[in-house]
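Participant: Below are the chains, spelled out letter by letter.
Number of protein chains: 2
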Amino acid sequence: MNRTGTASAPADLSRLCIHTATTRPWTVEEAAARYAAAGVKGITVWRSALEGRDAAVTGRLIRDSGLSVVSLCRGGFFPADTAEGRARAIDENRACIDEAAALGAPLIVLVCGAVPGQSLAESRRQIADGIAAVLPHASAAGVKLAIEPLHPMYADARSAVNTLGQARALCREMPSPWLGVAIDVYHTWWDDRLEEEIAACGREGILFAFHICDWRTPTVDMLEDRGLRG
Amino acid sequence: MNRTGTASAPADLSRLCIHTATTRPWTVEEAAARYAAAGVKGITVWRSALEGRDAAVTGRLIRDSGLSVVSLCRGGFFPADTAEGRARAIDENRACIDEAAALGAPLIVLVCGAVPGQSLAESRRQIADGIAAVLPHASAAGVKLAIEPLHPMYADARSAVNTLGQARALCREMPSPWLGVAIDVYHTWWDDRLEEEIAACGREGILFAFHICDWRTPTVDMLEDRGLRG
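The listed protein sequences derive, respectively, from chains A and B.
Quick note on numbering: this note's numbering labels position 78 of the first sequence as 78, and the sequence is numbered without any gaps.
Every position in the second sequence, counted from 1, becomes a number in this note's numbering once 230 is added.
Simulated from the structure, these hints should not be mistaken for laboratory data.
If you're wondering where the values come from, they're calculated on a predicted model, not measured in any experiment.
Don't take each hint at face value.
To be verified - Residues of chain B clear of chain A, computed beta-carbon distances all greater than 12 Å:
id, residue
1, Gly269
2, Arg283
3, Ala285
4, Arg423
5, Ala430
6, Glu434
Said to hold, decoys possible - According to the in silico footprint, chain B covers these stretches of chain A (three or more CB under 8 Å from chain B):
id, region
7, 144-155
8, 180-192
To be verified - Simulated coverage check for chain B against chain A, where a stretch passes if three residues somewhere in it have a Cβ under 8 Å from a Cβ of chain A:
id, region
9, 311-321
10, 382-390
11, 441-455
Beta carbons: idealized from backbone N, C-alpha and C, even for Gly.
Only chain A is shown next, with the shape it has when bound in the complex:
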């Protein structure tokens, strides 16, 4: 928590939120108890951590331990190479919004998706169409959607949205108080336009979430070799 290594003052963790994916293999119940014991006040729930659970019950349990649910992670994955696939993705995102509402999560992080072999332009169009299709449901449920740009090394199969500039352009295309961006420095640190884009997101009121995570040199696995914090 303290990058300088000094022990002079206890860190203020009251605004820190930890993602359950960071503390795998803890269950969501175990994570909530341990984060709370450490003085952390926020939790982001990986959707798979809710499997076999009633989201509303889990949400109450989390709040009872003194934590706020900051977000549900993740929605998205809109592109598909068939119309049926794209319709299924939209249904799945509506279900994710319902789950967030039941959990009491005010925000869903969107990992937007991409289809290998399909042009990025096409995947990007399908992402915009998918978000437009689910945005009314999000607004009705009172759940915000945060587009998270992913590192360009994931543009083939995980997200065709790879810069904060692209994410912000999507928000400008569909202006809504329910649509914004989630910035993960792991995905965006290399971008020479990052500072000005963060400032623009701040001005436009669309900066919904910020995730801190180190990049390792060398990185030996493109998915599982993140540095602290995860």
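The hints should help you fit chain B onto chain A, whose structure is shown.
Facilitator: Positioned in the frame of chain A, the structure of chain B alone reads:
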């Protein structure tokens, strides 16, 4: 060579150039003989392939086999965390320019470099300073320098120039007929601004080289897992 898989017409290889790094472990002599036998007319020489050789002699041998030397790869790596390190990099780039001139290579590809732990802004400033320092030597030797943007997954240690937009901005900062860009689709394919940037480079006369290379899904090694062509 033929992406459609049809065999109707022999491919025209007269404008194709192959990089010796693609056909490791062949020596430069072996590569020249085999490329020529296959009807390829151009060769890019990896600098390490010249070790222990007289560049002028190797250049003659390549031309005698019917090939043109398209470029010498690579110069660059300008950033360093000490002034001595940066001065050494500039000396090394001047030596690389002399080697290109002796070889008869009209072009050097620049992999610009980055220092892990140093800010990207600082590395980027040192890259601009380094190029400015060697550009007069390149011009005097009649050797062009081509800035190659590298994929953002290499921004930590290999190059802080990660988009064609950044490379083009450097060229605009130091306008010279001896400074341009080399585009490798492996490094740039993910960029939503790629098409307009390529068009702008064309208009500005700075598009010096184009490298074709596939991205694999999944990519299992960040350095050594390129698809065809290498």
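Participant: So, for every hint listed, does it hold in this structure?
Facilitator: Evaluated hints:
no., hint, result
1, Gly269, "holds, 30 Å"
2, Arg283, "holds, 31 Å"
3, Ala285, "holds, 32 Å"
4, Arg423, "violated, 8 Å"
5, Ala430, "holds, 16 Å"
6, Glu434, "holds, 19 Å"
7, 144-155, "holds (count 4)"
8, 180-192, "holds (count 4)"
9, 311-321, "violated (count 0)"
10, 382-390, "holds (count 5)"
11, 441-455, "holds (count 5)"
Violated hints, in rising order: 4, 9; the structure is consistent with all others.
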